Every structure is written in C-alpha cells, then in structure tokens.
Amino acid sequence: MADVIVVGSGASGGMAAYNLTQKGVKVLLLDAGDEFDRRYFWTHTLPYEADGRRRKGDAPPQFFLDKEEQPYLTPEGKPFDLARVWGRGGKTNVWGRVSLRMSDLDFTAAERDGWGIPWPIRYADIAPYYDRAEQLMGVCGGTDDSDVLPGSRQLMPPPAPRCGEVFLQKACDTLRIPMVAGRRANFTRPHRGSVPCHYCGACGDGCDTASFFNTADHLIPQALETGHLEIRPNAVVARILVDERGRASGVQYFDRRTGAERQVKGRVVVLGASAMDSTRILLNSKSPRFPNGLGNGSDQLGRNFCEQQMVHVRGFLPQLFGRGYVNDDGIGGEHVYVPRFNHRPDRPKPDYLRGFGIQFWNTGAQTTGADVAHSLPGFGASFKAAVKKRYPALVSLHPFGEVLSRAENRVTVDESRKDRYGVPLMKIDVGFGENERKMRRHMYDTCEEILHTLGAEIVPFDREANDVPGSSIHEHATCRMGKDPKTSVLNAFNQMHEVANLFVVDGSAFTSASEKNPTLTIVALAWRATDYLAEEMRTGRL
Amino acid sequence: MREPIDRRQALRRLGAPAVAPLFSHLHPALPKAEGPWKPRFLNESELETVTSLAERIIPETDTPGARRALVHQFVDFVLAEGEAAARERFREGLAWLDKRCGSLFGRPFARLDEGQQDEILTRLSSSPSSEEPAGVSFFGETKRLSVDGYYRSEAGMTQELGFEGRTFLAEFKGCTHPEHHSWKVGE
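Residue numbers (the numbering used here), protein chains in the order written: chain A, 1 to 542; chain B, 1001 to 1187.
Honestly, the hints are just simulated from the structure, not real lab data.
Values in this document were obtained by computation on a predicted structure and should not be read as measured data.
One or more of the hints may lead you astray.
Okay, derived cross-link-like pairs now, EDC-like style, lysine to aspartate or glutamate, Cα gap no bigger than 16 Å in a straight line [as the list claims (entries may be wrong)]:
1. Lys389(A) - Glu1187(B)
2. Lys1038(B) - Glu1083(B)
3. Lys23(A) - Glu535(A)
4. Lys78(A) - Glu408(A)
5. Lys26(A) - Glu535(A)
6. Lys78(A) - Glu535(A)
7. Lys349(A) - Asp445(A)
8. Lys1184(B) - Asp173(A)
9. Lys389(A) - Glu457(A)
10. Lys170(A) - Glu449(A)
11. Lys56(A) - Glu1081(B)
12. Lys170(A) - Glu1179(B)
13. Lys170(A) - Glu1187(B)
14. Lys286(A) - Asp299(A)
15. Lys418(A) - Glu68(A)
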C-alpha cells in the first residue's frame, strides 16, 4: 500500500510526486501513458524532411491523445476542443512555457466585481511558492514589477527582442500600453543539468536537449532518485475508491494496453490528471455515500468551467518589407508580453469584467512562408513575390482574455455512453457569453490600434470570429477551491472539503481563470498543497 | 484569417504537419516505401492537372516553382492520408475545372496555354468571383495545398525564402539593426 497515490505526471502530478518523495513519502504514480522517447523527437526535422519521412511511413511521437481512443461528448452545436497528452510529463512536453505570476488583482477579482466566489488564498500565500517554482522551472524574464504581474528576483535573463518586437514595443510605448519581457520556462542559462536553450524555436515538437521545463526531465527523474517513487505507466484511472468511513481508500484503473481492470490502495490520493480528466474521475466515483460523484455534496463539481479566450490578428510591417531572411527563431514564441492594462485609471472603464494580456506567438521569419502565403490573395509570380516581400515582416497578436466562470458551463458524465473500458464518458457543455463578446471587441480594437500605429498592413479578419472553447488548453474551476464547502469542492490547500485524504492539484482547482497562462500557478499550488499534505501526514492527521 | 488558428498547431511551430497526426503509436521503423514515386490517390490525368495548377499558382521565376518543388507529390500524399470525403470533393473539383475549361476554351485545364490557365484562375480567385461556389472553393483548397507543399519544401524554404533557422545557436542576438531601434512612430 502506497502512502500517496498520485494520478498524472504533468505539471501538477509531477510536482506532487517530486515534492512528496523529496520528503520521504512513498508515492505510487499512475500515468495514463508511457515515456516519450527523446531519441525519436523531430525537434530539428525541417518541414520538408518531416514530409519526406512521413511519406515513408515514419512518424514522430504522437504527444496528443487520439480523440477516438478516449472520446468525450459535446452537445449538438456546442463544440469543445480538448487537448490531452497521456504520457510521462503530460502537456509539459509540448507546452507554450509562458510563466506568469497571478496577482491580487486576480485573487481578489470576485470581491471587487462580484462575479463568482472569492479565492481562498491571496498573493502572499503563494508568493514564496512562485519564487521556488520559478527557480526550479528556469523561467526567464525581465525586471518589471506591477499590480498585474508581480516582479521576481528569480528569473534568468530574457532573450533579446526580434526586429518585429522592437517595433511593437514602440507602438505600445506610444499608446501607453505596457510591454515587458516575456516570461518563459526556457533555460537561457545552464540549469538542472541541461544545456541552455539553443534557440531553434521548435519547442512544440519536444526539446531534444531538455532545455525547457517539463516534468518528465526535471521532476520525475529526481523523484525516482529518492527511491520513494514507483511509476505505473499506461494506467487509465477510472474511479477513486472510498471506504465505509467515506475516505479515499485507493484507485481503480484500467491497463491501457490490455484493458485489464486493476485496483491499488493508498492512504492518500492526489489527483493531477488535468482539469477535465480529474473532474471526470471524480464524477464517475459514485457510491451510496456520494451519489453525485465524490465530494460533490455542493453540486459544484463539474460546474463553473472557465478558461481563456483568444483572438488572432496578423499584420505585416512595411518597415521590414523585403529585408531578407533573419533568424527569428529565439526561444520559440514571443520574447515580449503585454500585461493586462484595461483596469488602469487612465483608461476608459471597460464595458465588461476582467481583462486580457497580449501574446505574440510568431514574429518575422519564425514560421514557414506558408503562414504568410495563406493570408495573401491571388496567384502567380506576383503572389510569389508578395509572399517573399512580407515573409520577414509578419507580426501576430494574440490577446488572451479571461472567460468568466459560469455554473451552467459544466462537465457531466453520461451513464449511457461508455469508453472502451466500460466507464461513462464525460460530456463537456461550454459556451462563451456576452462578457466574452464585449471583451473580444476590445481585444480586436487594441490589436488594430497597435498595428495602425506602425502603419502595418493588416490581414483581413472576421471580428465575430472566436476560437472553439477549449482552444486555449487552459481549463479551470470544475473542482474549484474556496472557503465555503457549500460553494466549492476544495479548501485553500487543494484538499477536498468532504474527503480529507483526497487532494486535487491541477487546473480544475482554480477559482477563476485570470488572463494568465496557468502552469506556473499550477506548479506553485501543487507544491504548496503537497507541503501541507506532507505535514498533515507527519503529524498523523492524515 | 479565413482559417481558424489552432493553438496546438501554433505550439508545434515549424514542422507542424499539414496533415493530422497519422499514427497512433511510436513506429520509428515502419517499412520504407521502395522504388520511384507513384501517386497513391490521383490518377495520371488528375496528377497532370494538379501539377500544372500548382505551377500556375506558384510558378518558376528566378527560383523553382511548384513543379520542381514536387508540390504534386505533397498534394497526393495529403489527399491520400486525409478524409475520404475531402478526397472525393477534391476529385469532383478537378472534374468541375476541366468541364468549365471545356466550355470556356474547348479543352481541359492541362491542355490550355498559360494565358488561358491564368484567365480561369483569375476568374476563380477574384473577389467576389462570378464562378460557381464549387469551383471557387476548389481553387481555395488547391491553393492551400500548393502553398503548404511549396513553402514547406526545400526549394520554397531555402531557395525562395532563404530560411536558415531551426538550428543550434549559441546565442540569440535579436534585432541588431540600428535603423530599427532608432525608428520613431510616425516616420
């Protein structure tokens, strides 16, 4: 019997396993997949080489889970795009690496605008864990410090801005829009036994030198070294088992290769299976004592879904037309970031709640010319010349805005539809609302303003367009933390109100989404929760 | 953008395949195809049409065009690996094009001279187009595939656009152009 069963090996489960084993706790880690073998990564495979290899039947590791293997349901006309990585390290293998601290502007939002329930923690509660998480994760960034994005002394130096980013900075300065160095968990210095980032920009295919933070390289091996960690790969968890006292007693899972059912016992269970899958597992953990799912006496489990919405505006800077190729790869993704500014006193009061920051994914020649060519009309020699002229001049603006948490945006399980193991499928019923629509308008306006300031050629876009929900890959709040057990599922330490020996440490624990990418906060919260858990175990309360 | 941007694709950055992930498990050593290239989906006449269409969309200039970049092979591969419905739609589009060229010029697309080929493509690519929606969307799909095939090819990336990235750099210098740093808004 394990001291602690951890479900999932990504940002949250990986951190839980790491922290607990460092403290001498025996951990059994159940992972829905297996290791991704670095020898077969296609990190430096150029697109044409990749095409050639594919035509010969070769393929890189498939990080993202095939939806046919593990389906989920959505209501007619309400699509949801769920990205899952089942395997060692989870989504940290391919994540965007943006590492932003949340601030009291986020943690106190509900108190100030009345939407949703308050977070049970404040910035001061998590700040020491942000410090430790940034050190561990090798986050780079600048010296900025604001009410939106608290400063940090832990950061590695940021990479220099690209040409296009130099111009974007000037536009933002003119418009009094804040722009700071991006914060990303790419190592710009040697870190944790890895060489620094080599600026190939291909992070999304998995890093062949492990030079950005991912749990498969930077937490799990260290946890294994303690001798306290056992990993069980290909263990697709179905339910949490409960004893007669209503405490978690173990986990039921299915072997992904054989389909065989297994049960393991543990003193404590920590769920870090990602927001949607942890919620699915809890909803499927029904018993006479917990007829609506485990820890769901409040009827809040599965409800209150929130995430981020994005819009995408691209333009070409005439200042960079026809200048020829410059290597813009950098650390992959933008080197700059616009923190939220709509709340500033010198700004008109927005007609919506919460806010957005702006990311800039691709600048200049970071992509193939295909991205440019797809946005230009026509054909023939003039088309070809137009592509070449604009290739180095691309800037792309991607505001990320907070989607409000709403009770009716929810995950349920459908007893009549089963997966390959006979376990009920989850149904995701999510839609954006009026607040999101108004915010998108401001997001589009801001992008246009920035591009107009530079005299940019704006690629025509549809102002009514929005991504399919789920596209941000930042799902939250379906198992939210809060002070009041009537309106929340977890307490301030990610511990279930109704089941003291069950912790949920992934993004589902968030009370609201904020506009910030969540992984740094997930790691910090999982660290804090497992510090608390280890102490509870040491003192015998658990 | 006409096409939605997929964050998963964006995260992959360069090398994002134009086709969906094709294999469900790691198979680093599947049997390799042998012998000269043969199309898997397109028949001989369709292949000829696709080759000339792609070449008119991205012609040879001082750098190779679609034909020398083997865009037709890419198109055949993507169609063969893609959904059956999309494949059949593409085939119907090819038939539509030849029929339309027959009524306009009395010959199928691949038998037209370049001026006539450009004329039908101009009709299809102008906005709004007076051509049938089926033809317009077929042109859009062909252009999309041609662009993906060409600008992902070695000729398109290196000879046409001079790409030298996705490599190992000891240092990333960023923008080193004084004229960019001294530029002022309004100039």
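### 16 Å Cα cutoff - pair Lys389(A), Glu457(A)
The hint holds at about 12 Å.
### Query
CA of Lys1038(B) to CA of Glu1083(B), is that 16 Å or under?
violated, 20 Å
### Query
Given the hint that Lys78(A) pairs with Glu535(A), does the C-alpha gap stay at or below 16 Å?
Status violated; Cα separation ~44 Å.
### Query
Given the hinted pair Lys170(A) and Glu1179(B), is their alpha-carbon gap at most 16 Å?
Measuring from Cα to Cα gives roughly 13 Å; hence the hint holds.
### Message
Lys286(A) and Asp299(A) were given as a pair; does the straight-line alpha-carbon distance stay at or below 16 Å?
### Response
holds, 13 Å
### Query
Does the alpha-carbon distance linking Lys1184(B) and Asp173(A) stay inside the 16 Å limit?
holds, 11 Å
### Task
Quickly compare the C-alpha distance for Lys418(A) and Glu68(A) to 16 Å and report which way the hint goes.
holds, 13 Å
### Query
Between Lys389(A) and Glu1187(B), is the straight-line Cα distance small enough, at 16 Å or below?
violated, 20 Å
### Satisfaction of hint between Glu408(A) and Lys78(A), Cα-Cα up to 16 Å
Distance of about 13 Å is within 16 Å: holds.
### Query
Between Lys56(A) and Glu1081(B), does the CA-CA distance stay at or below 16 Å?
holds, 12 Å
### Query
Does the alpha-carbon distance linking Lys170(A) and Glu1187(B) stay inside the 16 Å limit?
Within the cut-off at roughly 12 Å; holds.
### Message
Can you confirm whether the C-alpha distance between Lys26(A) and Glu535(A) stays at or below 16 Å?
### Response
Distance ~14 Å between Lys26(A) and Glu535(A) Cα, so the pair holds.
Violated hints, listed in ascending order, are 1, 2, 6; each of the other numbered hints is respected by the structure.
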